[in-house]
Amino acid sequence: MSDIVTPPPRVRERPRKAGSIGTNLKALRSDRGLTIAQMAEASGSSAASISRIENGRLSPTYDVIVKLAAALEVDVSELFYHNERSALSGWRTLTRAGQGPVVETPNYRFELLCNDMVAKDFLVFSTTVLNTSIEEFGELQRHAGHEQIVLQQGEV
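Sequential numbering from 145 applies to the sequence shown in the working numbering.
It is worth saying that the hints were derived from the structure and are not from the lab.
Every value quoted in this text rests on a predicted model; they were computed, and no experiment measured them.
Here a beta-carbon is modelled for each residue, glycine too, at the ideal position from N, C-alpha and C.
Any given hint could turn out to be false.
To be verified - Taking CB as the label site, the calculated pair distances span: (1) Arg196 / Glu299: 14 to 24 Å; (2) Thr205 / His290: 10 to 20 Å; (3) Ala191 / Ala241: 19 to 29 Å; (4) Ala181 / His290: 12 to 22 Å; (5) Gln182 / Gln292: 16 to 26 Å; (6) Ser277 / Ala171: 35 to 45 Å.
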């Protein structure tokens, strides 16, 4: 019989519902002492929209999420789950299927992957396009940055 004891794997619970982005937005805004009006001015969003996002009555687009994060001077991932990231600083991490925090917007469902790693220069998402035609998107959004897309299912 072996004397080697293997510790159980570390398990972390993370909020995975879309409404949690509003809770995190409110916590981050409050931590900085910002009013909704100040947050609206800094992000270029309306105060009414920010209030609805914080109360779970509006799901923001990715473009809005990027603007909110920039206004708060935080990584976009902080809006997915605030104060729940471990401090892994290596170059390898793993997110099992369905275990990343999820945010759903009218057009997409984003699952944040590999967010345990800190000090990285990019975010990794598994994104599901919810629309079935280009017309359903309405006006297309733009944002600063680069995207790399790997099609896992369907066609372009």
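Hints, one by one, checked against the model:
1. Arg196 / Glu299: 14 to 24 Å: Given range 14 to 24 Å: violated, Cβ gap about 35 Å.
2. Thr205 / His290: 10 to 20 Å: The hinted range 10 to 20 Å holds for Thr205 and His290, with Cβ atoms some 18 Å apart.
3. Ala191 / Ala241: 19 to 29 Å: violated (38 Å)
4. Ala181 / His290: 12 to 22 Å: The hinted range 12 to 22 Å is violated for Ala181 and His290, with Cβ atoms some 33 Å apart.
5. Gln182 / Gln292: 16 to 26 Å: violated (35 Å)
6. Ser277 / Ala171: 35 to 45 Å: holds (37 Å)
Hint check: violations occur at hints 1, 3, 4, 5; the rest are consistent with the structure.
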